Structures are given as structure tokens and as C-alpha cells.
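Number of protein chains: 2
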Amino acid sequence: MKTVTFDKVTLGGFWKNRFDINKNATIPTVYDRFSETGRFDAFKFDWKEGQPKQPHIFWDSDIAKWIEAVAYAITKCPDGRLEEIVDGVVDLIEKNRDESGYFNIYFTVCEPENRFTNRMAHELYCAGHLIEAAVAYKNATGKDKFLRLMCDYADYIEKVFFDEDSAKFSTPGHEEIELALVKLYEATGEKRYLEMSRRFVDKRGTSKKDEDSPFYISHAYDQSHKPVREMENATGHSVRAVYLYCAMADLALRLGDKSLLDACKRLFKSIAEKQMYITGGIGSTAYGERFTEDYDLPNDVAYSETCASIGLALFARRMSLLDPDSVYADIAEIAIYNCALAGVSLDGKSFFYVNPLEINLERYRKNKEYYQRKDNLLTQRVEVFDCSCCPPNIARFVASIGDFLYTYDENTVFVHHYFESEAEFEGIKITQKTDYPNSGRVIISACGLGCRRLAVRVPGWCESFSVNGKPFEGETVKGYAFLTAQNGESITLDFAMECRLAAANPAVEADIGRVALCRGPIVYCAERVDNGVPLNNLSVSARLNPSLEFDEKMQAYKIEADGFEDGSFGELYRTYRPDFKPRRIKFIPYFAFANRGESDMLVWIRIRE
Amino acid sequence: MKTVTFDKVTLGGFWKNRFDINKNATIPTVYDRFSETGRFDAFKFDWKEGQPKQPHIFWDSDIAKWIEAVAYAITKCPDGRLEEIVDGVVDLIEKNRDESGYFNIYFTVCEPENRFTNRMAHELYCAGHLIEAAVAYKNATGKDKFLRLMCDYADYIEKVFFDEDSAKFSTPGHEEIELALVKLYEATGEKRYLEMSRRFVDKRGTSKKDEDSPFYISHAYDQSHKPVREMENATGHSVRAVYLYCAMADLALRLGDKSLLDACKRLFKSIAEKQMYITGGIGSTAYGERFTEDYDLPNDVAYSETCASIGLALFARRMSLLDPDSVYADIAEIAIYNCALAGVSLDGKSFFYVNPLEINLERYRKNKEYYQRKDNLLTQRVEVFDCSCCPPNIARFVASIGDFLYTYDENTVFVHHYFESEAEFEGIKITQKTDYPNSGRVIISACGLGCRRLAVRVPGWCESFSVNGKPFEGETVKGYAFLTAQNGESITLDFAMECRLAAANPAVEADIGRVALCRGPIVYCAERVDNGVPLNNLSVSARLNPSLEFDEKMQAYKIEADGFEDGSFGELYRTYRPDFKPRRIKFIPYFAFANRGESDMLVWIRIRE
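Protein chains in written order, with the working numbering: chain A, 1 to 609; chain B, 1 to 609.
Derived from the structure by calculation, the hints contain no laboratory data. Quick caveat: nothing in here was measured; it's all calculated off a predicted structure. A couple of the hints might just be wrong.
Note that identical chains are pooled: a pair holds if it fits in a single copy or bridges any two copies.
List time: in silico DSSO-like cross-link candidates among lysine-lysine, alpha-carbon distance up to 30 Å [said to hold, decoys possible]:
id, residue 1, residue 2
1, K138, K368
2, K143, K258
3, K368, K269
4, K191, K368
5, K349, K226
6, K349, K581
7, K8, K581
8, K349, K44
9, K586, K48
10, K143, K478
11, K2, K269
12, K258, K159
13, K159, K8
14, K274, K581
15, K269, K581
16, K368, K226
17, K265, K553
Let the hints inform the model, and build the full structure from the sequences given.
And the structure:
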């Protein structure tokens, strides 16, 4: 099974709008913030002790992800000025790298004596992102200098970690290089890089050096508590976890490794069935930004980092190649339209790092001792963070969103998602006309399929589905409906897209007695700015009675629904009697929250029959 | 208006049982723990640097409260051995006090150079408790040595704080001496002591020295943020607050001070109408053990200290003398039967310091970073604490519970509470035959009232009330029904005592969509040990349909009521549909929680109509 990469896809509609905002606002704004904070200048290697703007251990990765975003954006939309900036950075990398091939700003400029001694210091993580950027830039421009530099660096890493085993640790404390090396293998054809990835992955959780290295919380925090093939549950820092699982899936595909695939399936289930917010967010606590326990999904202290949700979507996309089950694209879709997209403002210029499912300003103020972690208390989007992994990550993600659309082999083209788009690959041309995610109608036509069938995903949220106006009665396998398409024939798919209320498993204590309003793949939330009163004094009616209004800025529907507001009274306590005023409640897509100043927000709202 | 003191009251029924447990189990067990921890030996003043069991700044007060409890207990039930122990302590006080009259273990043995320099070091707080103990012991035994020693100490305090103004601070960081000095005045007739109390109270919040002293959180923490007469809201550490308010009420009564009375009324309302748990607990956070904001009453992190609830009852009792409104006895009753009584186990041998309204072991474990304060996470009763103010406090409180029963003047005897009891005072004899708090029927008879009427409190929880079988149609003023009783005539009062569900003001976010089961003055809770499943998966039915079973150990009814349990399902999320299994839910009185090992507990349970 192969992926149709984003460069083969021309987007329209919802995603074209997002692509343009990303290219015209997000990429420039991240550039400006990174310039102001000294991240670009750091590549000059001229920082001296006592000066401001000391390079940070993860700055290389911030710029690398920004370059990757630029590469994807200019593939579809060339931009000489952006290319010039990247070329300048590449020149500085060439100029300042070590003669060994090693390149790391912090460990050359600030702590040269400590190269590859500190497992927690993101050194290989930075290398991985630089490699991803180099591959992307080569693919976008044909220029291979950056890629050659990174091959040299990878060769040096191979020498240090595998030939000599001379580093103070065996595997990175923050995974990333494993999946990057698979990309480097794909870009160069060098099997050594795939083999390096496999060795890093297989060594994980088995190395005495790593076991003796410092760790945060436990070895499960960085997925080093056991060999990866023995892992049953997703554990630890959620970004690290899903980056590792991406690499495991990459290797399982390329090596035909059944035990690795089985581990990936277990870990995916552990997330999707036990540890994921309904928004596709993962990581239930700011303490370690990590998975905690099954069904532990508190809403106001959710970590639910943008990067983690992106990583989950990337993991799910890889799983679609290994196992043609719609659950993977379903989960990718949830993450894409909700938690990941919530990480960037509608204008593309400000960001969330943490994406809670409830903001309650009064509760935070009253109980500030219990909400001490500042990074868990962001109630306004900001333009840049000290730890600024998420802004360039969402930028590269949106710029390459077309990657998610199709996979294919000689028998089938899998249609995983519904984007207004045209795609051309291997002599095949597929067109989708759709207002998805706002409408469940998709008119799809294909030329050049030959004997291939189209396998269209029936979204997990969809309860009835018709083709060309008739209920679909053909073959459905693992959530994909198999269709035969005549050359150029338009097929109209109708996925019934009703407003619906979702309930969480009763083991999720935070969601007991509550529901989340959803429509299609979009999870909704209520904001106080629309509803006036404390949101927990509202309950939605099970009868719902929704009305929809399209919002241009959100490019999605706002929803009003029937609900109730608790009656107020003067006493502190009184004898209970039912006391609710009917009223309408306003909802907006979760991805659009916090775009109108600071306001309470709530996904899981009380239900009243 | 005068109080009928406990020594005039002979208890039966519920409180006789509690008195006996207190005398036979609590007082000895607290003695044993205080002996083991070195608190008694500390009175020998022979601790040396480097030895274990260094005297703590509040140990004097722990022993003083224990002596006070002994004094009250032996008043009704003489005990030569206990008296001998107290005499031994008094001899050591006499032997080891400073020639100036000063007595403080810590500031003589450990930091003699720092006498009266540290406002936060509980020095005057200890003095206050010693004075209270001395008064109690004199009243109980007629022996006046302890009282004389404490008069000397009070005289020395007057010299240092008022004649010389030579201490480093003007008023105590922890109030207590103010109310103790009023008791010393009552015991000795020395107006100087009443005047000292007034001066401490009036100086509070006005002193430059205090303003410049170190403080915890803010000057509101120890009620020094403004002059007491200007206070609108109860603020800060809740024990400190209510001890101050007790003294203010004492002074208002004895000095006929209207502005002080007005402040007391405002502060009482601030607690009872905005800041009190339904159990009579106060203090919404472990951080500062303090009042926070109006309607901020989280259940699982409630501080709700036993001492604070006792202090609230003491404040309410004083207010009943100033303002014949039943709200004061209502609040006292809530505190007495719920939060205060929950502070000691049914066998009298172990204690809670903090009395939360919810224990959720799984939530604590999952979110341990948010529940870091160990003293807020006690889920089992313990025999002694480092900070052991509560065990001897509940002991002295139970031993003198008769204090709450009656007040009187020349026209009226106010019957504030209903205890199976006989009381004799000023030629009056009143008998109550009742199973209260388990029954609302009280047969009351009085002799020697003369022209006085009986004013019986109609409890705030009571919705219908009859006298001798007929609905009461006479005069009710501020919640008291005025009755004329013939000499020796039995009057049968029936306060309809139904199971009822209480709701909290919708501004109390933690209680939204929830109710508390109550019967008479008793608030109920559900424990997991009785109900099997996570308590938040249960909801009680508004129809209730209760059945009662008397429990000998609790001396109260357990209740079973109709409710529902959430249906379980396998998915993490699914489309909402109502899914509840009817079932019975078991409740026990809140005061009896945590007597059968560690278990989840819940007062505010979800409601379903």
C-alpha cells in the first residue's frame, strides 16, 4: 500500500482556505517570532556567555519544523523570499557544522564538552527534525545541499551510536530521529538509514546505559520501560510516544514486521479506546505532559498538546497503510478537525500549546493553588512560547494535509478523507466536490483507475450512507465501502450529517452526566462570550432542536440548540426542586474557540432529557 | 440573656452515649498519644538541643485543651486519676514558669531570646488556651492554683502589650486569647481582663507593628487587614476567624457594643449564607486552611477543619445570646451534628483534622499532582497528628455540649436544641424526653418558670410543626415558637422529620446537578463500601422512597433510597442515549463516615427526576 503525497493533491474549499492562511499568516508570523527571539541568529554560532538570547536545546528543531512547513507550502505555491531564507539557514549549517558532520547549536555553542552525554537534552530530536526538513526541502526544490549535510550528520550518528557506541546513552530521550531516518532512507534509497531507525527502535527499553540515565517521572515517561514489542499501553509523554509509534509503524510497513505491527495495533487501541479526548487530544496532565491511566480524561487540566494530536494523526495515517481499517482514518479525522486545528487561531497568527476541553476562569482563580502550572493555564492564544514546538508543527501539518487523503495498491484506491480537491498520481485522476466537513455530500469522480475499485471510508460518526441517492447495499469491509467507478463518472456519496450528542464511557469521571455536541467530524463547544452565564449552569436538551448558521471566518457552522439554565435563588442551601428555565444555547466548533478574547469554554455540557 | 452552662444539664440518649465515649475513650486516647509524643514531658522544661521530641510552639495549647476536656468531663463524672494528672501539670507550670508570670514551653526551652517577637508563633494562642483550661479546672474542682498562675500570666501580658507596649507585635497572629480573657473576667470578676480582650480586639488591623510583621498569604489571613468593626466578609484562616468572632460577640454582649454586634452579624451572615459547607464545615482550601470566596465550596479539596466547625458552633452559640434568632442555633446544630462530630470516630479513638465532603481515592491517585497537600488527603482516621489541635478540641466540645441547650432572661427560657436531658438552674427544672436527632418528637416539661414563657426553636429544616398533636398556631418570632407551660405539664412537640434532598445555590459550581440527602439536622453521605461502584456513577431519584434502619453503633438511622446506576458500555465515546439501571442507594450519616476502613465517600450526589 502506498500513500498519495500532498504534492499530488490540489486543494479547494475548507482546506484551501486553511492552506492560504497558513502560507500567508502562520508561516510569516512564526518566522517573525523566531527571528525576534534569536532562533534564526543562533545558526550563526556567535552567542557568547553573558549575552541575551542564549540558544536553547530545542531551537534547532523549531527552525527545522518551520523550514519543513516552508518546503511543503512552496511545493504548491512557490515563494522566492521564503526559499532565500531557507537557503541562508542551510548555508549557516554548512558553515558551522562540525567537521565530523555533527550539527547542534546548543551543544556546539553552549556546552561543547557535553555532546551526546545527556539523554534528556533533545540532541537526536533536533537531528531528526533537521533531517525531516532536509528531505522536505529537497523534495520541494530539488536542492540537495541540506540533504547532503544531514546525510553526513546521520553517518556521524551511526558511527557514534552504533559503530563506536561511544555516546553516554543508547537511544534518544525524545523520539523523532527514528521516523526521520525512515524519511532519509526514502529520500536517498540508503538502507543503512532504515536500519539505523530499526536499531534505535529495537534498542529502546533494553539498554543498560539508558536505564542508568536520568529520567523524568519514570522510564515509562520516555517509553524506555520495556522493549517496544512488549508494550501494551501508550505511556509517558504523549508527543514522544506517538513519534515513536510513527517510527514503529514505518518500520513495520517497510520490514513486514508482524510483531512490530501487533505492538502498533495494541498501542493505537490503548489510545483510541482508553486515553483520548473526544477532540483527538492526548495527554491528561501538565505534569509530564503525558498519558496517565485509562479513562483519566479531566477537561480543565487536560494537556492535550497540539503537537501530540498532530503526532496521533501521523500515527493513524501510517496505520492506514498497514491495516485497511477505517478506525485509523476516523481517529486521524477527529484529531485533524478538532485538537490539532484548535492549536492555531482562525487568523493563523496565534497559538495554543495546550488545548483544554474546559476553560473556567473563575474556577482557576478560586483554586489557583491547584492550577499552578502556568502552561496549563493559558486562556488566551499567544504568538510565541518559550517552548515553541507547536506553532511550526501545525504549520507543517496544514501545509501537507493532502498526505492524508488517499492510499492505493494495484487493486484499490482508498479514499480516507473528504476534501474538496483534485489529485493526480500514477495516471489516476480523482476529483472530489464537497463542502466537507460542513456537508456530508461528496461528489467523487475518477479517471484511470483501471481495474482498481474505490474504497470510500464510511465515517465512524455516520449512521446512514447512500450512493447516488440510494442506501448503500454493496460490500463494506472494515468501514470502507467498495465502489466500482466508470471512467469520469460522478458518484454522489451522502453521509447523513446530523447534529448529535456524544456520551463518554461512564468510567470517564469528568464527563459523567454530560454530553458533547458534534456534527460530522466536528466537536462543538460553548463559549461564555456567546452564552452570558457560567457554562456549568446550562444543560443541553436531549431533544436538541438545532439551527445552523454558517460562519465565514470559521468556514463552518455555528449551532444553536435547546437547553436549560438553572434557576437562581438567594439561599446557600434549600430543599431541592426542579428549577430550570428553557433557553437556547450557542455552540461553535471546538477548533474555533478562544478567537474572541478570554472566555470560559466548555465541550462536555450537562444533559437534561 | 444568660446561658445555662453544661454543668446544670444532665444528658441522656444520643449525647449521653457520646459523652461516655468521650470520657472513656477519647480523653484517654488523646492522653496516651500526647504522652507518647512528649507533649506532657515537655512541661518538665528539660528538653535539650539535639534530643528528640523538641517541644513545638503549639504543644502548650494541645495539653490545655485536653485539660479543659478533663475539667468538663469530671464536672459531671468525677475521676481522681485524671485530676491527679492535671494537678501534676499545674505543679510543673508553677515550677517552671518565669518569675514574671510568663509561661510558654517553646519560648522558654527552645528560643528564650525570642519571647513575644514572632507574631505567627502561637504564643498568645497558647496563653489563651491555658487560661481557658485554668478557668474550666477551677469551675470543675474548686482548685484555684492554675487560675492564679494564669492571672499572673495575664497580668504580665497586660504589662508587656499594653503598659509597656514592648512586644514586637500588637495582637496575636492566631486569635484565642481574646475570648479566653473574657472567660478569665467571668471567673475572677476582674474587669481588667475584659478590657484587655477589648484592647486586643480593637487594636487588630490598626497596628503598624502588626502590619510590618511577617504574614502568610495576606493580612486578611489572620484578620488583620482592617479594623474588626469594618469587616464585611469572613476571611482568612477559618479557625482564627471564628475564634476572633467569638471574642467580638462576647465583648458585644458584655459591653453592649452595637457596632461590634453589627460586625458580628455581618460576619455570621458572610459564613452562613456564602461560605459554609452544608455540613457546617468552613475553610475551602488547604492552602491557608481558609475562607476563599463566596460560593467557592469544592468538595474533594474542602478543608473544613474540625476545629473550625467547633469554632463556628461556639460563635453561633454566642450570637444566640445577642440576637434571639433561630438561625444561630440552626447553624450551630448543623455544625454540631455533621462536621464537628465527623472529626472523631464512632469509637472515640481516632480523628479527622480535615473533613472533606467527597473522598475519591481513584481521582486522588490519578491526579496526585493536583492533590499534593498531604493534610488534605487523609482518607483514613488517625490517632494523632503533628498538628493535633482537633482531637482535644472535639473532646472539650463534646464534654461541654450541654452549654448549647438553653439561654434565659426574666421573661423567656429559649430552648435552642433538643437533647434527651434534665436541666436545673435558677429554681427552674426542664426535662426533655426525645430521640432527637433521630426523631422530631420532643416531650418537654418545665417547673419553676414563674411568668417566663418557653421559646422553642422551630428547626430550619422543619416544614411542619405541631404541639400536643395540633399544628402550632401561636406566636413565632425569629424562628422561636413561644409557649406557655403549666408547672410540670408535658408538652409534646412534633417537628416533622422527613428525608429530604437539599440543593445548593447554583453559584456553588461543585454542587451543580447534585443534591444532599438530609433528615432532621443530619446530613447523609454515600460510602463506596456500601454501594460497590464509583459513587459518581450513581444518581439519587427525586422520588427517594426512603427506608430507615437504626444503627446501634452510629446511634442514628441509615437510609436506603431509590436511585440509578449509569449503564456501562465498552466504547470510549458513543452517541448519547439515556441508560440508567434503577437500584437502591445506601446512605449513612456524614458524621459516621470513614469508620469502616478506607472508602470513597460522597455527600453531593447526582439527582435524576
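Outcome of the hint check:
1. K138 <-> K368: neither (49 Å within a copy, 47 Å between copies)
2. K143 <-> K258: neither (37 Å within a copy, 88 Å between copies)
3. K368 <-> K269: between (35 Å within a copy, 26 Å between copies)
4. K191 <-> K368: This pair counts as neither: shortest intra-copy Cα distance 53 Å, inter-copy 46 Å.
5. K349 <-> K226: Classified as neither; 41 Å inside a copy, 47 Å across copies.
6. K349 <-> K581: neither (40 Å within a copy, 49 Å between copies)
7. K8 <-> K581: Close neither inside one copy (54 Å) nor across copies (54 Å); limit 30 Å.
8. K349 <-> K44: within (27 Å within a copy, 71 Å between copies)
9. K586 <-> K48: neither (54 Å within a copy, 69 Å between copies)
10. K143 <-> K478: For K143 and K478, the Cα distance exceeds 30 Å both inside one copy (42 Å) and across copies (89 Å).
11. K2 <-> K269: within (23 Å within a copy, 72 Å between copies)
12. K258 <-> K159: within (29 Å within a copy, 87 Å between copies)
13. K159 <-> K8: Neither. Shortest intra-copy (37 Å) and inter-copy (92 Å) distances fail the 30 Å Cα cut-off.
14. K274 <-> K581: between (36 Å within a copy, 24 Å between copies)
15. K269 <-> K581: Classified as between: cross-chain Cα gap 29 Å, same-chain 42 Å, threshold 30 Å.
16. K368 <-> K226: between (37 Å within a copy, 24 Å between copies)
17. K265 <-> K553: Answer is neither: 38 Å inside a copy and 54 Å across each miss the 30 Å cutoff.
Comparing the model with each earlier hint shows violations of hints 1, 2, 4, 5, 6, 7, 9, 10, 13, 17; every other hint is respected.
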